[in-house]
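Novice: Those sequence lines, one after another, are chains H and X.
First residue of the first sequence: 1, per the working numbering; consecutive thereafter.
First residue of the second sequence: 1, per the working numbering; consecutive thereafter.
Everything labelled a hint here was simulated from the structure, so no lab data went into it.
Among the hints, erroneous ones may be present.
As the list claims (entries may be wrong) - Label pairs and their in silico Cβ distance ranges:
| # | chain 1 | residue 1 | chain 2 | residue 2 | range |
| --- | --- | --- | --- | --- | --- |
| 1 | X | ALA281 | H | ASP29 | 34 to 40 Å |
| 2 | X | ARG212 | H | THR80 | 24 to 30 Å |
| 3 | H | SER19 | X | GLN334 | 28 to 34 Å |
Claimed, not checked - Over the 12 Å line for every Cβ pair with chain X, so calculated as not near, a few chain H residues:
| # | residue |
| --- | --- |
| 4 | GLY7 |
| 5 | GLN13 |
| 6 | ASP20 |
| 7 | ALA21 |
| 8 | ASP22 |
| 9 | ARG25 |
| 10 | ASP55 |
| 11 | ALA64 |
| 12 | GLU77 |
No residue lacks a Cβ here, since even glycine has one placed at the ideal position from N, Cα and C.
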Amino acid sequence: MTPVLPGIRRCLQTVLQLSDADTARIGPDTTPLAIPGWNSLAHVQIILELERVFDVTFDADEIAALASVGAIAAALEART
Amino acid sequence: MEQVTPLVVPQVNVNDDTVLLVRWSVAQYARVAAGDVVCEVETSKASAEVIADRAGVLVQSAVPPIRVRIGEAIGVIGPSREVVEAHLAAAVPAAAAESTITATAKARVLAARHGVSLDDVARNGVHGTIKESDVRRFIGPPGLTRFVEQAGAIPAFDAAVAANLRRSAEHLILASIDADCRLTAAHAVIEHALAAGRMVSLLHLVVAAAGRVLPRFPRLMSFAYEGTIYRYRSVDVAFVARTADGRLFTPVIRSVDRLDVERIAKACQAQTLHVMRGTVAAADLDGACFTISHVPVAGTRRVVALPSFGQSAILGVSAVRPSLDLVDGGLVEQPIVTMTLSYDHALCDGIYAATFLADLAGELERWVE
């Protein structure tokens with residue numbers, strides 16, 4: 001498991017108000033298609049929450065390509 | 001000074017201490033003759049007309065419907081508007097002269113007409129010279145002050161947005177027209193992108209579809225101003241983005257007719273992030289020929305939006321909802337949205353607007369990359 005996955009799960013749970021059971025099912029292959037409510041507006045809110053929790057800043061032009069947990073994890077790990 | 005006399009409420013019925021001022025029969029600042037009917041009042045038993053007892057210009061100081069006391073002044077008659085207003089300004093209590101408060105002439109006239117102390121207006125939180133708008137705010141909405149209380153000032157940002165829309169409304173003859181759009185094809189595109197880890201939403205597809213269709217509808221890329229039509233040179237489309245605290249911004253995606261949906265999605269996401277961070281550049285908010293407002297709040301069936309100043313049309317997109325449609329003899333559930341085009345009827349008519357919507361819906365219903 002990627003070391004940033006628990007933090008990503010917490011961010012998704014916070015923004016999308018997921019149950020603990022749904023949150024536990026989130027893995028690197030999870031995409032917005034698998035999680036109700038992960039739409040384009042929520043995506044920006046998720047990015048802002050990730051920036052706050054991990055103390056990083058994403059480039060505005062890259063966030064559309066971060067629409068999977070694996071892509072988010074890779075981007076975070078590249079910054080830490 | 002030439003003679004200025006108050007117009008007072010006469011005793012109509014011996015049993016009444018007050019009457020209801022129903023309406024003025026003449027306009028503000030109208031020149032009246034002695035014996036002219038100037039307003040209507042109602043007592044507990046009947047209605048009556050109030051007549052001017054002398055000729056001159058009538059300056060009204062009461063806004064109907066309002067209950068007024070018998071003998072109370074509801075206006076002033078003088079030889080001219082200027083003389084009456086000078087009289088009213090001079091009639092401001094002597095306290096005004098002793099006070100350090102400064103006020104514009106219009107503010108003094110308005111305060112005098114309503115019997116309002118400028119000291120009280122100043123104590124209401126006005127700093128510097130008291131203006132007519134300060135007095136108006138202190139007096140409150142005509143006829144409604146008995147029912148309401150102040151709930152704070154309009155935030156500066158919201159006031160600026162409202163000023164833009166008010167300025168736009170002055171130049172528009174606004175009409176609107178709706179069309180439903182089936183989203184089966186669009187949802188397939190979105191799901192394909194999401195499954196591949198690329199964020200694409202309905203808004204991004206609508207922006208892309210508008211980029212394909214708008215060039216065929218140049219009047220929707222134009223606006224009328226002072227009798228002249230101005231047409232935008234490129235298909236720059238704005239979308240409405242809302243911050244967490246409710247402020248609305250309209251960042252612009254340039255030349256959407258030359259971008260594929262993924263580049264539009266990328267640009268929209270980047271601009272939305274800038275809006276939410278508070279880092280959107282002023283240059284990215286200017287120059288759109290057209291705006292799209294998607295309100296995805298469940299249950300919203302129709303979004304009638306107002307075009308910004310310098311645009312003649314805006315597209316409102318409702319929330320997605322299921323629809324049962326007859327397909328090949330059987331009922332099929334499909335996701336649909338209602339798209340509402342608000343447009344300037346001075347530039348295009350209903351057929352033009354409806355044709356645009358039909359073409360736009362057609363693009364989305366038969367989406368081809």
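Novice: None of the hints should be skipped; say for each whether it holds.
Specialist: Do the hints match the structure? See the list:
As the Cβ distance of X:ALA281 to H:ASP29 is approximately 36 Å, the hint placing it in 34 to 40 Å holds. A hinted range of 24 to 30 Å for the beta carbons of X:ARG212 and H:THR80 is inconsistent with their spacing of about 42 Å. Distance hint check: the CB atoms of H:SER19 and X:GLN334 are about 30 Å apart, consistent with the given range 28 to 34 Å. No Cβ of chain X approaches the Cβ of H:GLY7 within 12 Å, the least distance being about 19 Å, so the stated non-interface status holds.
Every beta carbon of chain X lies more than 12 Å from that of H:GLN13, the smallest distance being close to 18 Å; the non-interface claim holds. No Cβ of chain X comes within 12 Å of the Cβ of H:ASP20; the nearest lies about 24 Å off, and the non-interface call holds. With a minimum CB-CB distance of about 22 Å to chain X, H:ALA21 clears the 12 Å threshold, and the non-interface call stands. Chain X leaves H:ASP22 outside its interface by the beta-carbon criterion, the shortest separation being 17 Å against a cut-off of 12 Å.
Non-interface call for H:ARG25 relative to chain X: holds, since the shortest CB-CB distance, roughly 17 Å, exceeds 12 Å. No beta-carbon of chain X comes within 12 Å of the beta-carbon of H:ASP55; the shortest separation is about 15 Å. Listed as a non-interface residue, H:ALA64 fails to keep its Cβ farther than 12 Å from every Cβ of chain X; the least gap is roughly 4 Å. For H:GLU77, the shortest C-beta to C-beta distance to chain X comes to about 16 Å, beyond the 12 Å cut-off, and the non-interface label holds.
The structure fails to meet hints 2 and 11 from the earlier list, while all remaining hints are met.
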